[in-house]
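Going line by line, the protein sequences match chains A and B.
Here the first sequence is numbered in the working numbering, starting from 1 and rising by one per residue.
Here the second sequence is numbered in the working numbering, starting from 252 and rising by one per residue.
Careful, some of the hints might be misleading.
Said to hold, decoys possible - Here are the computed lysine-lysine pairs in the DSS-like style, where the Cα-Cα straight-line distance is at most 27 angstroms: (1) K113/A / K296/B; (2) K136/A / K113/A; (3) K146/A / K486/B; (4) K296/B / K146/A; (5) K136/A / K268/B; (6) K74/A / K127/A; (7) K82/A / K113/A.
In short, the hints are calculated from the structure, not lab data.
For clarity, every value in this text was computed on a predicted model and none was experimentally measured.
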Amino acid sequence: MNPLIQFKNVSKSFGSQNVLNRIDLAIEKGRITAIIGKSGVGKSVMLKHMIGLLKPDDGAIFLDGMDMSDISGKSAKALRQKFSYMFQNMALFDSMTVYDNIALPLRERDRLKKNVIKQKVIDIGQKLELEDIWHKYPSQISGGMKKRVALARALITDPEIILFDEPTTGLDPIRKQAVFEMISQNQKTFCYTAVIVTHEIPDIFYIAHQIAFLENAQILYNGPPEGIKQCTIPIVQRFIESPYMQKNGKK
Amino acid sequence: MQLIIQMFQFLGNSFIKFILELGYISIFISSSFLRLVQFPWQFQKLMHQIYFIGVKSISVVCLTALFTGMVLGLQGYYTLVQFGSEGLLGSAVAVSLIRELGPVLTAIMIIGRAGSSMAAEMGIMRISDQIDALTTMDINPKRFLISPKIGASLVSFPLLTAIFDVVGICGGYLSGVILLGINPALYINGMEKTVMMNDVTGGFIKSVVFAIIVSTICLYQGYYTHRRADGFGAKGVSLSTTDAVVISCVTVLVADYVLTSFLL
């Protein structure tokens with residue numbers, strides 16, 4: 001089976017800093033792929049390449065077998081509509097209310113009727129406990145609430161591919177669990193493809209089908225979550241063991 | 252020899268940068284204009300921007316116009332009285348306001364009030380990923396954010412210029428007729444005889460050109476604040492806002508000279 005998203009020899013530098021160096025990665029359709037690694041190694045850069053916000057300096061990214069650099073016009077538009085992206089810093093529109101933030105893609109892109117938009121927004125709001133904050137602005141709500149609003153905005157268009165950039169950072173353990181459960185549950189229901197950039201170990205191992213570990217501009221591990229525990233690369237071991245130790249109270 | 256090579260290198264680099272920037276601005280403005288007329292039209296957003304750029308600028312434009320007109324009346328009177336031609340005060344005030352001061356000062360007041368705020372708004376949206384978020388939602392940021400502001404500028408600038416002209420003429424009347432005692436009929440008649448339709452059309456053309464210049468430069472500076480090499484984040488936004496105001500003001504004055512030389 002052809003992968004849905006495929007990185008082939010992708011390199012990206014910012015000035016003298018080489019962030020991605022000849023990266024190869026295949027993301028299967030209808031599965032949850034997690035990209036893990038230390039902060040600042042280029043995980044979000046990978047996500048931005050997938051949605052076309054950044055272009056690779058070298059190599060190519062294929063979507064459904066098509067080179068993304070060759071896609072333009074209506075095909076590019078159709079392609080973008082398959083995606084949804086949840087930004088690390090939420091990227092909520094601070095001059096709009098929570099309701100308008102969530103309704104924006106339905107109103108501006110899909111041009112749905114008001115009552116349909118209202119129903120969809122209320123449905124997703126109930127799932128994410130946002131009913132009390134409809135009329136508030138992003139600056140008036142907590143960081144955790146902002147995360148949920150951003151999540152609602154990402155899910156509201158029922159996309160085929162959702163890219164989550166640290167969706168649970170800043171949430172309390174219960175809501176963190178709830179977000180992961182929701183991603184997993186919705187993924188099973190709607191069969192969307194999810195790519196999650198996260199530091200939440202081991203929680204992500206319970207929902208992800210594939211783990212990619214990024215370090216020093218390269219993918220050091222790419223495989224199922226069960227396999228990463230047996231990985232012999234010291235830096236990977238150190239990275240995945242530290243949260244286990246914290247959770248189990250070991251030194 | 253080395254110095255000469257360096258000088259040519261510097262000149263060449265600056266010229267290439269200038270041409271590149273000009274290209275970016277041309278693409279920016281043409282794509283924004285195309286989206287302005289693209290169906291479905293964005294009336295609500297356009298009205299909202301007309302309120303912000305136009306209606307909210309009325310008080311500052313009126314105040315500036317009133318005192319500009321009063322100063323013109325005062326200065327004009329003491330100059331003309333030396334030649335016994337104080338009867339020409341009305342025409343002097345009206346012609347200078349309609350042809351030059353109205354469009355230019357209105358543009359400069361809007362740059363200070365709305366232009367700087369447009370640049371800062373775009374800059375903040377850029378650094379907080381809000382513009383990228385629109386792209387990922389397949390909402391064209393230029394259509395959603397830029398086009399209504401350019402459209403609103405095209406409507407607001409000529410109307411505000413007209414208000415400036417009228418209030419300025421009233422200011423001249425206030426200082427010339429009421430304070431310095433010129434015959435009101437002389438003031439009005441002189442104005443009627445001297446001001447031609449060409450003057451009004453010229454002022455209107457200038458205000459439309461200034462609307463395009465100001466909105467494009469201010470929005471462009473904010474929209475591409477992340478491309479700046481000399482400042483990132485909040486500093487980048489502050490530099491973009493400063494540049495937007497300075498470049499817009501200078502360009503308006505240069506364009507005014509060029510337009511005047513064509514319109515005369």
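Each hint, compared with the structure:
For the hint pairing K113/A with K296/B, the CA-to-CA distance comes to about 18 angstroms; that is within 27 angstroms, so the pair holds. Proposed proximity of K136/A and K113/A is supported: the alpha carbons are some 23 angstroms apart, at most 27 angstroms. As the CA atoms of K146/A and K486/B are separated by approximately 25 angstroms, the hinted pair is consistent with the 27 angstroms bound. The suggested pairing of K296/B with K146/A holds, with an alpha-carbon distance near 25 angstroms, which does not exceed 27 angstroms.
Straight-line distance between C-alpha atoms of K136/A and K268/B comes to about 44 angstroms, which puts the hinted pair past the 27 angstroms bound. A threshold of 27 angstroms between alpha carbons decides the hint, and for K74/A with K127/A the separation of about 34 angstroms lies outside it, so the pair is violated. For the hint linking K82/A to K113/A, the alpha-carbon distance of about 21 angstroms falls within 27 angstroms, and the restraint holds.
Hints 5 and 6, counting from the list given before, are not met by this structure.
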